[in-house]
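Number of protein chains: 2
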Amino acid sequence: MELLKEKILKEGRVIGEHILKVDHFLNHQLDVSLLNAIGRAFKERFGGEEVTKILTAEVSGIAIAAITAQYFDVPVVFARKTSSFNLDKETYEGSVYSYTKQQLYKFRVSRHYLPENEKVLIIDDFLANGEAIKGLCEIVASARATLVGAGVVIEKHFQGGGNKLREKGLNVQALVSIASLTKGQITFLQ
Amino acid sequence: MELLKEKILKEGRVIGEHILKVDHFLNHQLDVSLLNAIGRAFKERFGGEEVTKILTAEVSGIAIAAITAQYFDVPVVFARKTSSFNLDKETYEGSVYSYTKQQLYKFRVSRHYLPENEKVLIIDDFLANGEAIKGLCEIVASARATLVGAGVVIEKHFQGGGNKLREKGLNVQALVSIASLTKGQITFLQ
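If you read the protein sequences in the order shown, they are chains A and B.
For the first sequence, the residue numbers in this note's numbering are 1 to 190.
For the second sequence, the residue numbers in this note's numbering are 1001 to 1190.
Just chain A, same shape as in the assembly:
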C-alpha cells in the first residue's frame, strides 16, 4: 500500500531496532482519511470471504476496526485487556505475552458477542511477534467461531510472528511489511 509506505517514511519514527512509532496517524492521532484507505485495502484483501464480525483488541485496533467495518457492513467487537472492566462474567479469554512489558496478560471478550456461527476477521495495527493476534485467535477458537483471517496494518516481518501464524494456516494479510529498522532506517519487504 503505497500511501501507507509514504506516510510511514514521512511521519514514522524509529526507536532502537524494533520500535516504529506511528503516533502521528495511527496510534495517538488518527488520520481518518488514511484509515478509510486502510479499510478499503482490507476489503480488497478479504472481499472474497464471508465475514460477519470484526474482532480487534483495545486500544490501538479500535479505530482501524471501526472504520474498516464500514466496508464489510458488520459489527466490531474489541477484546478488553484488563479484568477490572465491568465486563460480563461470561467471557472468552486469550493469553498475550508482552515482550515490551515482560508480562502475561489476558484479552477478554463477552460470550454474547461471539456466537458459534460467526465468521470472524481479526484486525489490528501491528504484527510483530504475533502474540496479540495469537491471543485473539484463542478467543475465536474458544468461541468455536470460524476464523476467516487476520489483517494488520503494519507487519514487522523481521520479528517473525506473521510467518509463525501463516505456518499454522492462518490467512495473514499485512498492508505494509517491514524487513528491518536497523540503524534508524525503515526498509520495506520487497
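Please note: incorrect hints may appear among the correct ones.
As the list claims (entries may be wrong) - Cut-off 20 Å, straight-line C-alpha distance, at most; resulting in silico cross-link-like pairs (PhoX-like, lysine-lysine): (1) A/K81 - B/K1106; (2) A/K106 - A/K89; (3) A/K101 - B/K1101; (4) B/K1164 - B/K1021; (5) B/K1081 - A/K21; (6) A/K21 - B/K1183; (7) B/K1021 - A/K89; (8) A/K81 - A/K106; (9) B/K1089 - A/K101; (10) A/K5 - A/K134; (11) A/K81 - B/K1164; (12) B/K1101 - A/K89; (13) A/K101 - A/K134; (14) A/K134 - A/K106; (15) B/K1119 - A/K81; (16) A/K81 - B/K1081; (17) B/K1164 - A/K106; (18) B/K1021 - B/K1007; (19) B/K1101 - B/K1043.
Worth flagging that the hints you see were computed from the coordinates, not collected in a lab.
Starting from the structure of chain A, add chain B where the hints point.
Relative to chain A, chain B alone:
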C-alpha cells in the same frame, strides 16, 4: 435521537441506580451503522462551528470519535489514560477523578497534536459527573487551543456533570439525556 433511544431501551442494561451498560452497541461490541448515525447527529449539532480536530479519551471514545471525524473531515487525537504508554514526554495533562474506582488519574496528549491554533471538539460516550470531559477541557486549555464544545452520546443528566459544564459556558450537546435509572427503569429527559 430516536434511533439511539430505541437502541438503549432494547439493548441497554441498568445496573443499580447509576450504571447503564451499552456493551451491545457502544462499549464492547460496536454497531457501526449506529455510530455513523451518531456521527451525523454530532455534525448537525456542531455543523455551524469551525472544527479542526476532535479530541476524545481512550478507550470508549475512540470508535465514536473516529467515525464522527469523517463527517467533519478532521483528524482525531485520543488522550491516553496511563503514563506507562510510550508517549512523547512533552504532553498536556488533565486530571480525572473516577468515582467508580475512587482514584485520580491523568489523561495525556502529546503536545505535537494540539497546537495553539486548533479548534477542538470533544467527543465522548458518556457524560455522568463530568470528570472525563473536565479533564479533556484542561488539556485544551493547557494547549491554549480553542474549545468549540463537547458532544456526548449519552448524558446521565441526574448525575449533574453536564449542567456544571454548561454553567461554565461550555456548549455541551448530548444526543440522549437520561433523567433517571431508578428501579431498573430508563427514563429519558423530556
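Query - Hint check against the structure, violated hint numbers in rising order - result: Result: hints 3, 4, 6, 10, 11, 15, 17 and 19 break, sorted rising.
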